Amino acid sequence: MRESRLWAFHLICGAGLLVLLSLHMGLMHYASILALLGWAREPVLSFSAVADRGRGAAWAATYVLLLGFALYHGLYGLRGILGEIWGTPRAVRIINAGVVVFGLVVLVYGVAVALQAARL
Amino acid sequence: MVTEAQTQARTRAPSRLSMRLGLRGWVYAGRYPAERYLYILHRICGLGLVLYLPLHVWVTGRRLQGPDAWEQTMAILSRPVFVAGEILILAAFVFHAINGFRLLFGHLGCALGRPGHPVYPYPVALHRQRRMVVTLMVLAGVFLAAGVWDLLTK
Amino acid sequence: MADLTGNPKGGFPEDGILTLRVARYDPEHDREARPQEWKVKILPGMTVLDALFSVKEGQDGSLAFRCSCRMGVCGSCGMFINGKPRLACNTQVSELGPVVEVAPLPNHDAIKDLVPDLTQTFRRHRAVLPYVMRSDAAEMESPTREYKQTPEELARYVQFTYCLKCSLCLAACPTVSTSEQFLGPQALAQVYRYSADNRDQGLGERAGVVDASHGVFGCHLAGACSEACPKGVDPALGIQLLKRSLFVGPPHSAPAQVVPAFPEGYRTPEAAERPKAPPRSV
Chain Z
772 MRESRLWAFH LICGAGLLVL LSLHMGLMHY ASILALLGWA REPVLSFSAV ADRGRGAAWA
832 ATYVLLLGFA LYHGLYGLRG ILGEIWGTPR AVRIINAGVV VFGLVVLVYG VAVALQAARL
Chain G
837 MVTEAQTQAR TRAPSRLSMR LGLRGWVYAG RYPAERYLYI LHRICGLGLV LYLPLHVWVT
897 GRRLQGPDAW EQTMAILSRP VFVAGEILIL AAFVFHAING FRLLFGHLGC ALGRPGHPVY
957 PYPVALHRQR RMVVTLMVLA GVFLAAGVWD LLTK
Chain U
4 MADLTGNPKG GFPEDGILTL RVARYDPEHD REARPQEWKV KILPGMTVLD ALFSVKEGQD
64 GSLAFRCSCR MGVCGSCGMF INGKPRLACN TQVSELGPVV EVAPLPNHDA IKDLVPDLTQ
124 TFRRHRAVLP YVMRSDAAEM ESPTREYKQT PEELARYVQF TYCLKCSLCL AACPTVSTSE
184 QFLGPQALAQ VYRYSADNRD QGLGERAGVV DASHGVFGCH LAGACSEACP KGVDPALGIQ
244 LLKRSLFVGP PHSAPAQVVP AFPEGYRTPE AAERPKAPPR SV
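Chains as they are written, first to last, in the numbering used here: chain Z, 772 to 891; chain G, 837 to 990; chain U, 4 to 285.
Derived from the structure by calculation, the hints contain no laboratory data. Any given hint might turn out to be false.
Said to hold, decoys possible - Sample of chain U residues facing chain G (criterion: CB under 10 Å; computed from the structure):
| id | residue |
| --- | --- |
| 1 | Trp-41 |
| 2 | Cys-70 |
| 3 | Cys-72 |
| 4 | Val-76 |
| 5 | His-111 |
| 6 | Ala-158 |
| 7 | Thr-181 |
| 8 | Glu-208 |
| 9 | Ala-225 |
| 10 | Cys-232 |
| 11 | Leu-245 |
To be verified - Covered stretches of chain G (in silico footprint by chain U; criterion: 3 or more residues with CB under 8 Å from a CB of chain U, positions within the stretch not fixed):
| id | stretch |
| --- | --- |
| 12 | 863-873 |
| 13 | 902-911 |
| 14 | 938-950 |
To be verified - Pairwise CB distance ranges, derived in the manner of DEER restraints:
| id | chain 1 | residue 1 | chain 2 | residue 2 | range |
| --- | --- | --- | --- | --- | --- |
| 15 | Z | Ala-779 | G | Pro-869 | 26 to 34 Å |
| 16 | U | Pro-47 | G | Arg-867 | 44 to 52 Å |
| 17 | U | Arg-137 | G | Arg-966 | 35 to 43 Å |
| 18 | U | Gln-260 | G | Tyr-864 | 44 to 52 Å |
| 19 | U | Val-251 | Z | Leu-805 | 35 to 43 Å |
| 20 | U | Ala-140 | G | Val-978 | 53 to 61 Å |
| 21 | Z | Pro-860 | G | Tyr-864 | 29 to 37 Å |
Every value quoted in this text rests on a predicted model; they were computed, and no experiment measured them. Yeah, the Cβ is synthetic: ideal placement off N, Cα and C, and Gly gets one too.
Sequences are here, hints too, so could you generate the full structure?
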C-alpha cells in the first residue's frame with residue numbers, strides 16, 4: 772500500500788485517539804475531579820464498576836475501537852522509528868512483519884477480552 | 837623515489853571521517869529552538885505509551901478471572917513503584933496528545949502560514965506556532981497536575 | 004570590541020584577539036577529529052571564513068576548507084560553527100564571542116578538515132526529479148513562447164527556489180542523523196518547489212519517489228532544517244505543504260498555458276502615444 776495511505780490512517784487514528792483516549796483517561800484519571808463536579812458515583816477501578824463498563828455492546832465496541840486506533844497509531848510510529856535506525860530493505864521487511872504480528876496478537880487478545888467481558 | 841606503500845596509499849579509495857550523529861542526533865545536535873526538543877519528547881512518550889499498551893491490555897484482561905483476581909491485581913498496582921509508573925504514563929499521554937494535536941495541523945501544512953518572497957530576517961513557519969506551543973504546554977501542565985492530584989488522592 | 008565591529012553583542016576580549024578552535028581531520032594520518040587552536044586578530048566585519056583564511060595564510064597552510072563566492076550565494080562553506088550549522092562566509096565573528104568553534108558539517112562525511120562530502124546531498128537532489136515536467140513535450144523542448152505565470156502564482160513557490168544546496172538543513176535534521184535512506188529536507192523542499200510551480204505537471208511522477216517512509220513521511224516536523232537554512236527557504240514548511248499536496252494535489256488547478264502570440268505587426272495602444280526619438284543630429 773502507498774505510504775501516504777498508511778500515514779493518513781495514522782493521522783486519522785491519532786485524531787480518533789484524541790477523542791476516545793481523552794474520554795477514557797478523563798473517566799479513569801480525572802474521576803476525583805469529575806466527582807467534585809458531581810458526575811462520578813463510585814471508585815472507577817472497583818470490580819463492579821469495571822464489570823459494569825465492560826457489559827453491553829456499545830462499551831465493548833468502544834473499547835475495541837480504542838484498542839484498534841491505539842495499536843495502529845502506536846505501531847505505525849514504532850515502525851517509523853525502527854525504520855530510521857535500520858533502514859535496509861531486509862530490516863524494513865522484518866520490522867513490518869514484526870509490528871503486524873505483534874499488533875494482531877494484542878488485538879485478538881483484546882477483542883477476546885472485550886467479548887467475554889461483555890457477557891460477564 | 838616513490839615506494840610501493842606510498843603508491844598503494846595513493847591508489848586506495850580515500851578514507852572519510854563519518855560525522856553522522858546517530859541516535860545522539862535525535863536528542864541533541866546543536867542550538868535549536870523548542871520544536872526540535874518537542875520532537876524527541878514526543879517520540880519518547882509515544883514509545884513509552886506503545887510499550888505500555890500490551891501490558892495495559894493484559895491487566896484489563898485480568899477481570900475475566902473474577903473479582904478476587906481483579907482486586908489482587910489492583911492491590912499490586914497500588915504499590916508506589918506502579919503508581920510512579922502510572923504518573924509517567926499519564927504524563928506521556930498528556931504531552932503526546934497535546935503536542936500531537938499541534939502536529940496534526942502542522943503535518944497538513946495548516947497553521948504554518950503561506951510561503952512568500954523571503955525577506956531578511958527570514959521568517960520561519962514554525963515560529964508562527966510559538967504562541968500555540970506555549971499555550972498547549974501550559975495546558976499540558978495543568979492537565980498533568982490535575983491527573984497526578986487525582987492519582988495521589990485515590 | 005563593540006567599536007570595532009559595530010555589534011554590541013560581541014563581547015570580545017580587549018586585545019581584539021579571537022580563539023579559533025577547529026576540529027581537524029587528515030585522512031592520511033587521523034582516525035578521528037583532533038582539535039587545534041589558533042589566535043586570530045579580529046578585523047572589522049570579519050567573518051568566520053575570513054578568520055579561517057587568516058589562519059591558512061599566516062599560520063597553517065595545511066588547513067582545508069571549501070569556499071567560493073564568499074557572499075552567501077554559492078553554499079560551499081557550510082560548517083558547524085558554535086553549535087549550529089552555518090555558512091562560514093555569512094557568519095560574523097562578532098556574533099559568536101571570543102571563542103569560535105568550527106567543525107565539519109554533522110551527518111556528512113568529512114573529506115579533510117572542514118571539507119564535507121556533499122555527494123549524498125546531490126544524489127538525493129537528483130533523485131527527486133528537480134526540474135519542470137510537462138505533458139506538452141514538444142513545447143517544452145522547442146518553446147514558441149513563455150508559459151504564463153502571475154506574481155501570485157510565483158509567490159507560492161519562489162522561496163523554495165532560493166536553495167543553495169549547502170546541506171546545512173541535512174546537518175540539522177534528526178532523521179538524517181540515523182537514516183541514510185531518508186531523502187532529507189533539501190530534496191523534499193525542492194519537490195514542493197517544482198510541484199507547486201504552475202508550469203509543472205510532475206507531482207504524480209515525483210510522488211513515486213517521495214511517497215515513502217524514507218521520503219516525505221520521514222519528516223516529523225522537528226523544524227531544525229528551517230532554523231539552519233541561511234536563505235529563508237524554510238524546508239519544513241515546504242515539506243508539510245508537500246504532504247498536503249500528495250492528498251489534495253498541487254496548489255494550482257491547471258498547468259500554465261503558453262502566452263498567446265501577438266498578431267504580426269501588433270503594437271500596444273501605449274506605443275502610439277510614446278514620444279518619438281529626436282532626429283539624429285550627426
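Now for the hints, and whether the structure bears them out:
no.	hint	result
1	Trp-41	20 Å, violated
2	Cys-70	19 Å, violated
3	Cys-72	17 Å, violated
4	Val-76	14 Å, violated
5	His-111	6 Å, holds
6	Ala-158	5 Å, holds
7	Thr-181	6 Å, holds
8	Glu-208	21 Å, violated
9	Ala-225	4 Å, holds
10	Cys-232	7 Å, holds
11	Leu-245	8 Å, holds
12	863-873	holds (count 7)
13	902-911	violated (count 0)
14	938-950	holds (count 8)
15	Z:Ala-779 to G:Pro-869: 26 to 34 Å	29 Å, holds
16	U:Pro-47 to G:Arg-867: 44 to 52 Å	26 Å, violated
17	U:Arg-137 to G:Arg-966: 35 to 43 Å	40 Å, holds
18	U:Gln-260 to G:Tyr-864: 44 to 52 Å	51 Å, holds
19	U:Val-251 to Z:Leu-805: 35 to 43 Å	40 Å, holds
20	U:Ala-140 to G:Val-978: 53 to 61 Å	60 Å, holds
21	Z:Pro-860 to G:Tyr-864: 29 to 37 Å	30 Å, holds
Violated hints, listed in ascending order, are 1, 2, 3, 4, 8, 13, 16; each of the other numbered hints is respected by the structure.
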